[in-house]
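Peer 1: Our numbering puts the first residue of the first sequence at 1, with every later residue one more than the last.
Hint data in this document are derived by calculation from the structure and do not stem from the laboratory.
It is possible that part of the hints are untrue.
[Said to hold, decoys possible] Cβ pair distances, simulated, as ranges:
{"hint": "1", "residue 1": "D210", "residue 2": "K99", "range": "57 to 65 Å"}
{"hint": "2", "residue 1": "S84", "residue 2": "E235", "range": "25 to 33 Å"}
{"hint": "3", "residue 1": "G206", "residue 2": "N35", "range": "38 to 46 Å"}
{"hint": "4", "residue 1": "N140", "residue 2": "V194", "range": "22 to 30 Å"}
{"hint": "5", "residue 1": "N35", "residue 2": "P243", "range": "16 to 24 Å"}
{"hint": "6", "residue 1": "E95", "residue 2": "E232", "range": "48 to 56 Å"}
{"hint": "7", "residue 1": "E120", "residue 2": "A26", "range": "27 to 35 Å"}
{"hint": "8", "residue 1": "V194", "residue 2": "S65", "range": "20 to 28 Å"}
[Claimed, not checked] Straight-line C-alpha distance at most 27 Å; calculated DSSO-like pairs for lysine-lysine:
{"hint": "9", "residue 1": "K83", "residue 2": "K153"}
{"hint": "10", "residue 1": "K64", "residue 2": "K98"}
{"hint": "11", "residue 1": "K98", "residue 2": "K153"}
For every residue, glycine included, the Cβ atom is placed at its ideal position computed from N, Cα and C.
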Amino acid sequence: TVTYNCLIDGLSRAGKIDEAYATFSAMSEAGCEPNLGTYNAIVAGLCRNSRLDEGKRILEEMMKSNCRPDVVTYSILIDSFCKSGDVTEAFEIFESMKKVDCHPNIFTYNSLLYGLLKVEKVDEAFTLFQMLKDVGSEANVVTFNILIDGLCKRKRLDEAQQCFEEMIRSGYSPNVVTYSSLVDGLCKSERSDVALQLFMDMEKKGCSPDTVAYTSLIHGLCKCNKVDEACEVFEAMVRAGCPPTFVICNALFSALCNAGENREILDSYEKLSADGSSNFADFLSQILDKRKSNNVKEAHKLLEATS
RNA sequence: CUACCGACAU
């Protein structure tokens, strides 16, 4: 059974959900009884591949079988419906689990919070946040991250900031996701100066930035036309041994082109996109070196030469 | 053993 479970999980993660389902059906015929892990794996697989209704059908099947759904089963479905934007359905499942005395945990609440914020029901999210604390479910870092990110995305930066403070006051340590959400939100509200400050604060607190954190900041600085700062952060990233991804190179490169207001450069960039990311990164580093020696024209020549 | 969060006019 464990073998089957792994197989089902692996197939569905590879996008081969039909094969996963076939495996699921075949195992009972082969005399292997599906257990809770099996059911959860297939429900998660169906949901991951946007087949939520079929996932829900499995849940109903389970209720009639001797293998009852657990908090994980319910949470998978709730999370998936929330991500699809169908918060109403998610709450129906939430109610039904409580009816059968299956207790929601922090994962369940986190998913619901995410869903509410996604459909801009900020007040309801706050209410639910209060409620989960009242019923004695302990919030975790992810809970705060969801709230902070959701508020940032709704451009409610002050509340996000308050949430951040409450988080720290309550003894939770912000992680790289917390900071990235805030950095991204600040940049998108044209506060890239504050974002940069926060980013340095994060490093000072011993939280090392990852690729996403760097991308958020560099992309944000570029959008705010802070090309010099973006270049500095890029170099710091390379120095820190964080491999520059194509996305980052692209953002920085476009910004450099825009700053140079040179259309020919933009053309050469199209061709460059076909190259690998690592070449792109080396190439960018060279350009930045040129810039540093106050030789912007030279840098642009280098850009053109690549086409 | 399986379920929750961040970047890209993706």
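Peer 1: Does each hint fit the structure? Answer for all of them.
Peer 2: Quick rundown of the hints versus the structure:
1. Take D210 and K99: their Cβ atoms lie about 41 Å apart, and the range 57 to 65 Å is violated.
2. Taken as a hint, the range 25 to 33 Å is violated for the pair S84 and E235, whose Cβ atoms sit roughly 41 Å apart.
3. A beta carbon spacing of about 42 Å between G206 and N35 agrees with the range 38 to 46 Å that was offered as a hint.
4. Distance hint for N140 and V194: a CB-CB separation of about 26 Å, consistent with the stated range 22 to 30 Å.
5. Take N35 and P243: their Cβ atoms lie about 41 Å apart, and the range 16 to 24 Å is violated.
6. One distance hint, 48 to 56 Å for the beta-carbon pair E95 and E232, holds here, with the actual separation near 52 Å.
7. At about 44 Å, the beta-carbon gap between E120 and A26 misses the expected band of 27 to 35 Å.
8. The supplied range of 20 to 28 Å is broken by V194 and S65, whose beta-carbon atoms lie about 54 Å from each other.
9. A hinted pair counts as satisfied when its Cα atoms are at most 27 Å apart, and K83 with K153 qualifies at roughly 15 Å.
10. Taken as a hint, the K64 and K98 pair is honoured in the structure, with Cα atoms around 17 Å apart against an allowance of 27 Å.
11. For the hint pairing K98 with K153, the CA-to-CA distance comes to about 31 Å; that exceeds 27 Å, so the pair is violated.
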